[in-house]
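A.B. asks: Read off the chains here:
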Amino acid sequence: MTGRAENRGFTLLEVLIAFAILAVSLGAIFQAFSSGLTQISRAERAATAALQARSLMAEVGTVIPLAAGETSGSFDDEIQWRIDIAPYEEGGEVGIQDFGVTLYEVKVVVSDDKRDIVSLKTLRLGEPP
Amino acid sequence: MTRDPEAGFTLVELLVALTLVGLMSVAIFGGLRFGTRTWEAGTQRSEELNEVVLVQDLMRRHLVQLAAVDQVRRRSEEHPIFVGDGQSVSFVAPLSAHVGLDGLYQFELALEDGEDREQNLIIRWQLYRADRVPGTTSELDGERVLLEGISEGEFSYFGASERRDEPAWRETWSEQAQLPALIALEVAFPEDDRRKWPFFRVAPQRVPALVRP
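Here the protein sequences come in this chain order: G and B.
Heads up: the first sequence is residues 461 to 589, going by this note's numbering.
Heads up: the second sequence is residues 19 to 231, going by this note's numbering.
Hints are computed from structural coordinates only; laboratory data are not their basis.
Please read these numbers as outputs of a predicted model, since none were measured by experiment.
Treat the hints with caution; some may be incorrect.
If you want a taste of the chain B side facing chain G, the calculated C-beta under 7 angstroms gives, among others [as the list claims (entries may be wrong)]:
| hint | residue |
| --- | --- |
| 1 | Gly53 |
| 2 | Ser64 |
| 3 | Phe217 |
| 4 | Val220 |
Here are the in silico distance ranges between beta carbons for each label pair [to be verified]:
| hint | chain 1 | residue 1 | chain 2 | residue 2 | range |
| --- | --- | --- | --- | --- | --- |
| 5 | B | Arg51 | G | Tyr548 | 55 to 63 angstroms |
| 6 | G | Leu585 | B | Asp75 | 20 to 28 angstroms |
| 7 | G | Leu473 | B | Ser64 | 41 to 49 angstroms |
| 8 | G | Pro547 | B | Leu145 | 40 to 48 angstroms |
| 9 | G | Glu550 | B | Ala59 | 23 to 31 angstroms |
| 10 | G | Gln491 | B | Thr28 | 34 to 42 angstroms |
| 11 | G | Lys581 | B | Ala45 | 34 to 42 angstroms |
Even for Gly, the Cβ is constructed at its ideal location relative to N, Cα and C.
Between the sequences and the hints, there should be enough to build the whole structure, so can you do that?
C.D. replies: Right, here's the structure in full:
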């Protein structure tokens, strides 16, 4: 072990360890790329859901009557939507109902099997129930 | 074991070293190729999505502003403010504020035949003037292709006609006293196309039915 130490080369164990380190770091890099792809498809779904929610919001008051209640449906097997309309509870002594109209809170939710992707909320004036 | 300091590598050592280098470069180049492929796929997918998002935004922005036009109608009865059928819709609206040009424009959104039995979605605009002679052009007119390679598309309109009180979906909208309550555009892409057209509905803003004189 002494004398020629500088010419000794690597032992098999050292080479194996070096390989293991290489493999682990390559794996980490692949992981980063593929998680990038997953993130892109999540972003894609979120952007699509936002557009769908805006279109659903447009349907409230036209195809879907502006009255308290819940409406739901689905775009395809994976994406569902739900619209909740409820009278809006106001504070204060003078309410909007004194003017012969009712304020509704409209909530549009687009979700997949697991969780809500997009949720939009707005207030709309409508005829009293 | 003492070795002659001048001795080279044995054939076996050389082969082992070559194999190791070979394995390593296969792994690294494979990784690089995988990386560039996913990178490209990612960019392409976000571009495809961006295209559809931008087109829907632009259409929504213009179709929502039809409200401003309600007053125009009264001044010039002979110019239809809103005409639509399955393949095109024509309306008057202001240009988006960020374009920085005043005035109302006559817009047309149309699905027109392109190459290979596919259709393109096109937007055309020209300065709206009640006294404009049909067929004339000006330097403020323009045309742009919004979406290419559509296999099928259709506009439809929801609203009540003057005669029928019950609002319903209709394939065409012309010579009505009111604007439609809702405008829809369905678009289908060819099967090998990964683009998707999200559910699209626009409610043109109008004076709410509650506010009557």
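A.B. asks: If a hint holds in the structure, say so; if it doesn't, say that too.
C.D. replies: Comparing the hints with the structure gives:
1. Gly53: 5 angstroms, holds
2. Ser64: 6 angstroms, holds
3. Phe217: Holds - the Cβ of Phe217 (chain B) comes within 7 angstroms of chain G, reaching about 5 angstroms at its closest.
4. Val220: 6 angstroms, holds
5. B:Arg51 - G:Tyr548: 55 to 63 angstroms: Given about 57 angstroms between the Cβ atoms, the range holds.
6. G:Leu585 - B:Asp75: 20 to 28 angstroms: 26 angstroms, holds
7. G:Leu473 - B:Ser64: 41 to 49 angstroms: Given range 41 to 49 angstroms: holds, Cβ gap about 46 angstroms.
8. G:Pro547 - B:Leu145: 40 to 48 angstroms: Since the Cβ atoms of Pro547 (chain G) and Leu145 (chain B) sit about 46 angstroms apart, the hinted range of 40 to 48 angstroms holds.
9. G:Glu550 - B:Ala59: 23 to 31 angstroms: For Glu550 (chain G) and Ala59 (chain B) the Cβ distance comes to about 51 angstroms; the hint is violated.
10. G:Gln491 - B:Thr28: 34 to 42 angstroms: 39 angstroms, holds
11. G:Lys581 - B:Ala45: 34 to 42 angstroms: 51 angstroms, violated
The structure is inconsistent with the numbered hints 9 and 11, although it conforms to all the rest.
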